[in-house]
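K.L.:
As a plain string of letters, each chain reads:
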Amino acid sequence: MIELRDCHKTYIAQNGQAAVLALDGVELTIQSGEFVCLLGPSGCGKTTLLKAIAGLLRLDAGEVRINGQPVTGPGTDRAMVFQDFALLPWANVVANVAFGLELRGVAKEIREQTARELIHAVGLTGFEGHYPRQLSGGMQQRVGLARALAVNPDILLMDEPFGAVDAQTRRLLQEDLLSVLGRTPKTVVFVTHSMEEAVRLGDRVVLMSPRPGRVRDTVTVDLPRPRPSDLERHPRFADLTEYLWQQLKEMQR
Amino acid sequence: MSSAVGRPGNRGEVTGQGRGLGLRDSSYTWVSLLAGAIIWEVAARGLQFSFLPPFSSVLRAAFELIASGQVTSHLAASLINLGIGYGLAVTGGIALGLLMGRKQWVAYVLEPYVSALLATPKLIFVPLVYALFGLSRGTQIAVVFLSSFFVIAVNSMAGIRSVDRTYVEMARAFGASERQLFWKVLLPGSLPLTMAGVRLGMDHAVKGMIGGEMFITLFGLGALLRRYGDRFDSPRLFAVLLVVVSVALACSAVVREVERRVTAWDGEGT
Chain A
1 MIELRDCHKT YIAQNGQAAV LALDGVELTI QSGEFVCLLG PSGCGKTTLL
51 KAIAGLLRLD AGEVRINGQP VTGPGTDRAM VFQDFALLPW ANVVANVAFG
101 LELRGVAKEI REQTARELIH AVGLTGFEGH YPRQLSGGMQ QRVGLARALA
151 VNPDILLMDE PFGAVDAQTR RLLQEDLLSV LGRTPKTVVF VTHSMEEAVR
201 LGDRVVLMSP RPGRVRDTVT VDLPRPRPSD LERHPRFADL TEYLWQQLKE
251 MQR
Chain B
1 MSSAVGRPGN RGEVTGQGRG LGLRDSSYTW VSLLAGAIIW EVAARGLQFS
51 FLPPFSSVLR AAFELIASGQ VTSHLAASLI NLGIGYGLAV TGGIALGLLM
101 GRKQWVAYVL EPYVSALLAT PKLIFVPLVY ALFGLSRGTQ IAVVFLSSFF
151 VIAVNSMAGI RSVDRTYVEM ARAFGASERQ LFWKVLLPGS LPLTMAGVRL
201 GMDHAVKGMI GGEMFITLFG LGALLRRYGD RFDSPRLFAV LLVVVSVALA
251 CSAVVREVER RVTAWDGEGT
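As given, the protein sequences belong to chains A and B, one line each in that order.
Per the working numbering: the first sequence = residues 1 to 253.
Per the working numbering: the second sequence = residues 1 to 270.
Keep in mind that the hints were calculated from the coordinates and are not lab data.
All figures in this text were calculated on a predicted structure; none of them were measured in a lab.
The beta-carbon is built from N, C-alpha and C at its ideal position, and this holds for glycine as well.
Heads up, some of the hints might be wrong.
Chain A side only, calculated, beta carbon under 8 Å to chain B, not exhaustive [claimed, not checked]:
1) Glu3
2) Tyr11
3) Gly68
4) Pro70
5) Pro74
6) Thr76
7) Met80
8) Phe82
9) Trp90
10) Phe99
11) Gly100
12) Leu103
13) Val106
14) Ala107
15) Ile155
16) Leu231
Ranges between beta-carbon positions, derived for each pair [stated by the list, open to error]:
17) Asp164/B with Asp77/A: 21 to 31 Å
18) Ala13/A with Val168/B: 30 to 40 Å
19) Met251/A with Glu111/B: 39 to 49 Å
Partial list, computed: chain A residues near chain B (C-beta under 10 Å) [unchecked claim]:
20) Gly75
21) Phe85
22) Leu87
23) Ala91
24) Lys108
25) Arg147
26) Pro224
27) Pro226
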């Protein structure tokens, strides 16, 4: 269980004057095994929130607890998938996927074996020796996903992971993510600014509003699992996305 | 499926740019060198400048010098000075550059000196170095070292600073320690610029080697240049110069090959 209590974070701009209130008293509880999507316009603090859970930034006030333990830094129970993939350009696919295990001191043979299994799981068999720049965006993010899964985390933190790929690739990646999670269930915190993506993937959508960053609403996605690929035809899908759209529209005013 | 995506340095990347004479690209270089030799020969014979011997005389002098073994001992002396001085400069320069790139306060303290010394002609230090090491190999090695050290340090520092922040954040998210961050992210990420410094350092080192040897005319190719220059023995002077240029090109080619291998992943490199 992830608990965020009264989280505050202010960014000071370079000139030292304009301060941005990225998180203003955010409260949120995420159950183990739950898939939560953080949805909101740019500047609503959703990535800040994700980094706070990852232990990558220090909060000004409040705290993040995982299973009751306060988060003080990155931990082996969490792994992150990045919007811009963040693959090491000098390392091939196997070495990139094995990177987290390498940091943990896992022997080369064992970590490469694990990497190969995950490369297979994300559908990249045959590309083990390729370098990131030889891969398409979608394939690079499959590597990013495999790298996160390789360390076998309880919690998967995903920062707009499919934001930088085209629409068809995005759909494929969404389906593959769900099928991977179907085999190895995890708690997922998924940042997105797509309503459809949030509803298609999440058990719950946390709607955030910008300046100051706050939780505006929490919507439970009462759609069946496993999610069928024609989920858009489900009547609830339209209701939910329409509701989220109205909320987002109001925020822009 | 990967055939469309070439590694850098693949043959065939540049072809098609020089269709002119229908030659293979590398042939142009040889044609150019041959033309240069012919122009030199004709010009020298036509102009009759006493200090410009015809290319054929220079070539003959070069063969004589090499055959008699006069050049070999000096060449060996030069190469040993170069090897030790450059080796120390690469090791020390990379170490200092990485430290400056990593620790901001070290950069603040040392950057003014390093930048100033980078721009300074290193032969200025020959008397100082001579006072320190005397008529020994140490003087020559020190000059080579000073010539290449600073450019390597500055490039390594820039290399560390050029590493994308997202890689650093990724490594931290996966629990990298400071030490792991350095060895597994910052150091490999800095290689394209660091290796560019190592390559430039070699050119500077060769220049420094010759310059230093011409100052302290004890031994080495520079000393030979000075000796024949003082005697106005132009054919031999140019013959030694040919050897120097060959050494410089060969050393440069070796370093380039190392650079190419180490930074093959970097598509924008070289």
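K.L.:
State for each hint whether it applies.
P.N.:
Here is how each hint holds up against the structure:
| no. | hint | verdict |
| --- | --- | --- |
| 1 | Glu3 | 20 Å, violated |
| 2 | Tyr11 | 15 Å, violated |
| 3 | Gly68 | 21 Å, violated |
| 4 | Pro70 | 17 Å, violated |
| 5 | Pro74 | 5 Å, holds |
| 6 | Thr76 | 6 Å, holds |
| 7 | Met80 | 4 Å, holds |
| 8 | Phe82 | 6 Å, holds |
| 9 | Trp90 | 4 Å, holds |
| 10 | Phe99 | 6 Å, holds |
| 11 | Gly100 | 4 Å, holds |
| 12 | Leu103 | 5 Å, holds |
| 13 | Val106 | 12 Å, violated |
| 14 | Ala107 | 16 Å, violated |
| 15 | Ile155 | 12 Å, violated |
| 16 | Leu231 | 31 Å, violated |
| 17 | Asp164/B with Asp77/A: 21 to 31 Å | 26 Å, holds |
| 18 | Ala13/A with Val168/B: 30 to 40 Å | 21 Å, violated |
| 19 | Met251/A with Glu111/B: 39 to 49 Å | 47 Å, holds |
| 20 | Gly75 | 7 Å, holds |
| 21 | Phe85 | 9 Å, holds |
| 22 | Leu87 | 8 Å, holds |
| 23 | Ala91 | 8 Å, holds |
| 24 | Lys108 | 13 Å, violated |
| 25 | Arg147 | 8 Å, holds |
| 26 | Pro224 | 33 Å, violated |
| 27 | Pro226 | 29 Å, violated |
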